[in-house]
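Keeping their order, the protein sequence lines are chains F and S. 1 is the number of the first residue of the first sequence in our numbering; add one for each residue after it. 113 is the number of the first residue of the second sequence in our numbering; add one for each residue after it.
Worth flagging that the hints you see were computed from the coordinates, not collected in a lab. No residue lacks a Cβ here, since even glycine has one placed at the ideal position from N, Cα and C. Nothing false has been slipped in among the hints.
Derived, one-sided and incomplete: chain S residues facing chain F with beta-carbon distance under 10 Å: (1) Q150; (2) F200; (3) A210; (4) F215.
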Amino acid sequence: RKEVEQDPGPFNVPEGATVAFNCTYSNSASQSFFWYRQDCRKEPKLLMSVYSSGNEDGRFTAQLNRASQYISLLIRDSKLSDSATYLCVVNSPYSSASKIIFGSGTRLSIRP
Amino acid sequence: SQTIHQWPATLVQPVGSPLSLECTVEGTSNPNLYWYRQAAGRGLQLLFYSVGIGQISSEVPQNLSASRPQDRQFILSSKKLLLSDSGFYLCAWSTGTAREQYFGPGTRLTVT
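Next comes chain F alone, as it looks inside the complex (with noise of 0.2 Å):
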C-alpha cells in the first residue's frame, strides 16, 4: 500500500461547482498534513495547512479524519483559476528521514 494515495482524476467540473477530493495516508502516527497546487509547468505551492479541527481559507476548507486516515479539500464556487493539480503531502515519521511524502496529485479541471 502506498503511504500517501490520491485518486489521479481528472475531475472536470463547471466553474461555480463544487468539488471535493480525498487523500488517504498509511502510517498512524503521521502528524503533519498539507496540500499543495501545481500549475503545468510550475513549481508546487502550498495550499494550506491542514489543522487537526479543520481549517478554512476563502473558498478552500480542509480537513483531517485521523480515524479513517484521510484528509480533504473542498473547493466551494470554482474559477478557472482553480484548474491544477492538487498534492496532497503527509509527514511519516518512519519511512524516511525527510519525513515528507508528497501524494502523486489529483488533476482538477474547472470548465466554463
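Based on these hints, arrange chain S on the given structure of chain F.
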C-alpha cells in the same frame, strides 16, 4: 521574506555530458534543503536532502550526486547524464523536518 532561486530554467544536454544545477535560498538560516525530480506526468521523487553544510542523504541510488558547500546553497551534479535523467528538477527548503516545503521554480532538463 524568503526566496529560493534555481538556475538554469531549462537545459538541453547530450547523453554522457556532465550536469550542474544550482539552488540558493535567501532570507533564512540553516534550512533543510531538498532535490526532487518529476518525470513528465508523474509525481515528485525525492533525490537528496540536507540538514546542514556537508550533510547529504541520498534517497535513490543513481548517477546523480549532491553537495552543500554553503548554508544556503545546494548543488545537484552528474558526471555522465543518461536519457532517463530527463525531467523537471525542483529544489525546496524547509525550516525543519516534517515542516512545509517551499519550492524553487525548477529546471527542466532534456537529455538527448
